[in-house]
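J.: Position chain B relative to chain G; hints supplied.
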Amino acid sequence: MSGSAGTLSLSLPFVYRSSHVSKAVVLKMATTRAVPADSTPAEPLIVTLTGDEDNETDRTFVFTNEGHTLGNALRSIIARYPDVLFCGYTVPHPAEAKMNLRIQAFQTPALDILKRALTDLSQVCDHVKKTFTERVTEFKQSNGEAMEMG
Amino acid sequence: MDRNYNLTESGPVRAPSMPTKWSLKAFKEMFDIKIVFKDDMEMEFDVIGVEPSLANAFRRILLSEVPSIAIKEVHMYMNTSVIQDEVLCHRIGLIPLKANPRNFEMQQEGAPPSEHDTLEFELRIKCTKNNSAPAKTTELADLYKNHMVYSKSIKWLPMGDQDKMFSASDVGPVFDDILIAKMRPGQEIEMKMLAGKGCGKDHAKYSPVCTASYRLMPTIELTREIDGDAAYRLQKSFSPGVIDVVQRGGKPVAVVKNARYDNGSRNHMLHSDFASFVKVGRVPDHYIFTIESVGAIEPEELFLESVDVLKAKCTNLLAELNKNS
Numbered sequence: 001m002s003g004s005a006g007t008l009s010l011s012l013p014f015v016y017r018s019s020h021v022s023k024a025v026v027l028k029m030a031t032t033r034a035v036p037a038d039s040t041p042a043e044p045l046i047v048t049l050t051g052d053e054d055n056e057t058d059r060t061f062v063f064t065n066e067g068h069t070l071g072n073a074l075r076s077i078i079a080r081y082p083d084v085l086f087c088g089y090t091v092p093h094p095a096e097a098k099m100n101l102r103i104q105a106f107q108t109p110a111l112d113i114l115k116r117a118l119t120d121l122s123q124v125c126d127h128v129k130k131t132f133t134e135r136v137t138e139f140k141q142s143n144g145e146a147m148e149m150g
Numbered sequence: 151m152d153r154n155y156n157l158t159e160s161g162p163v164r165a166p167s168m169p170t171k172w173s174l175k176a177f178k179e180m181f182d183i184k185i186v187f188k189d190d191m192e193m194e195f196d197v198i199g200v201e202p203s204l205a206n207a208f209r210r211i212l213l214s215e216v217p218s219i220a221i222k223e224v225h226m227y228m229n230t231s232v233i234q235d236e237v238l239c240h241r242i243g244l245i246p247l248k249a250n251p252r253n254f255e256m257q258q259e260g261a262p263p264s265e266h267d268t269l270e271f272e273l274r275i276k277c278t279k280n281n282s283a284p285a286k287t288t289e290l291a292d293l294y295k296n297h298m299v300y301s302k303s304i305k306w307l308p309m310g311d312q313d314k315m316f317s318a319s320d321v322g323p324v325f326d327d328i329l330i331a332k333m334r335p336g337q338e339i340e341m342k343m344l345a346g347k348g349c350g351k352d353h354a355k356y357s358p359v360c361t362a363s364y365r366l367m368p369t370i371e372l373t374r375e376i377d378g379d380a381a382y383r384l385q386k387s388f389s390p391g392v393i394d395v396v397q398r399g400g401k402p403v404a405v406v407k408n409a410r411y412d413n414g415s416r417n418h419m420l421h422s423d424f425a426s427f428v429k430v431g432r433v434p435d436h437y438i439f440t441i442e443s444v445g446a447i448e449p450e451e452l453f454l455e456s457v458d459v460l461k462a463k464c465t466n467l468l469a470e471l472n473k474n475s
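Taken in sequence, the protein lines are chains G and B. Going by the working numbering, the final residue of the first sequence carries number 150, and the count climbs one at a time with no gaps. Going by the working numbering, the final residue of the second sequence carries number 475, and the count climbs one at a time with no gaps.
Only chain G is shown next, with the shape it has when bound in the complex (with noise of 0.2 Å):
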């Protein structure tokens, strides 16, 4: 417990001490990582994994800092395109914010796959938004009728 002085002393419980401002004992709470969302990460955030240079159309791409939440999503997308032969994800250890997303198609390259799924998913971010948006205005406007008539 901290007292006067910086040092440890045994207070007894009912002694009043003076609230005299000495060294403070400053405590940081851990945190595991700090996430600073607006710089720029050291690492890249999209890397190519070795093994697939002879053809355009394999790829394992190697995401930093995403996991299950967009690589299921991506993937989801992927699967389902036409000219997919294959497509599955993982994060490889949980300890690591690594997610491991593998493309293999017929005849359309990998990366252009991708760029087409994250579009894809963006659109679809702004279709959800827009709804989502639209029927909360409408569930407002309704119960506020409802409570202006009740």
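Bear in mind the hints are in silico, worked out from the structure with no lab data behind them. Every value quoted in this text rests on a predicted model; they were computed, and no experiment measured them.
Computed footprint of chain B on chain G, listed as stretches where at least three residues anywhere in the stretch have a Cβ under 8 Å from a Cβ of chain B:
#: 1; region: 64 to 71
#: 2; region: 117 to 123
#: 3; region: 135 to 141
Which chain G residues face chain B? A few, computed with CB under 8 Å, are given here:
#: 4; residue: L45
#: 5; residue: R75
#: 6; residue: H127
Even for Gly, the Cβ is constructed at its ideal location relative to N, Cα and C.
T.: Only chain B this time, still in chain G's reference frame:
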């Protein structure tokens, strides 16, 4: 290839609702949202026509990637209470703050706290004996002053120009009656706290939702008419409002009124006379979302934030990919 399975009694059966080829047009046709209930703290709405991965992405983002403000550094000047310094700090960190994270930036690593990314608070409280207590009382509230430390004792210390932008009620704790510590006469707590922006990935105290969860819409099908006494037993074996008993042809008959309120208890299986005629399953693409806000941000804004976060991920990654190629 991805499939969307119908969960029925007999096991997974592929649902025809999800087309095998992905198209934005098909998604837009099938997608809908229905708001069921909304107040300041809680919201229940249905999301129809999404795949499990997308619904789960929104839920995961709500829990861990929508930022909020919480106390992250404590300068402890005096703590003679029985609560240890670190325990007190842990409790202080968990107190939800009303400050809107959109008005603040993330504090950069190693940079000193500034008015753009930090809020400063202080808590100074001393427990004393109440000399004007009625004689022979045993009520703690009469015997002592300030023996319970509540979150209403946390005072905001504006930094720089913050007092022109916010008021104390905009940035203080969401609830005034959160019990932080208990003290006895002679004990004193004095500390200064710095609050900053973070997200749930880092520490659960930054999660803006009490919890955000979803469940699938149940379906109940009666394959044979269940009448008489069995109808009432069937009604009792489900939650109220699920099964209705109507008069048909002079006898009471069970009818599925609203499968939404089924809680998945499967109590109907206890009755061997009608257990095999009740088919219980789930609609594979109808999600009933419940968002309970901690109090800082309204639930509808939270969902919009989470969609924004997912969109930002896509945009940033696309920019990165286009930059390299």
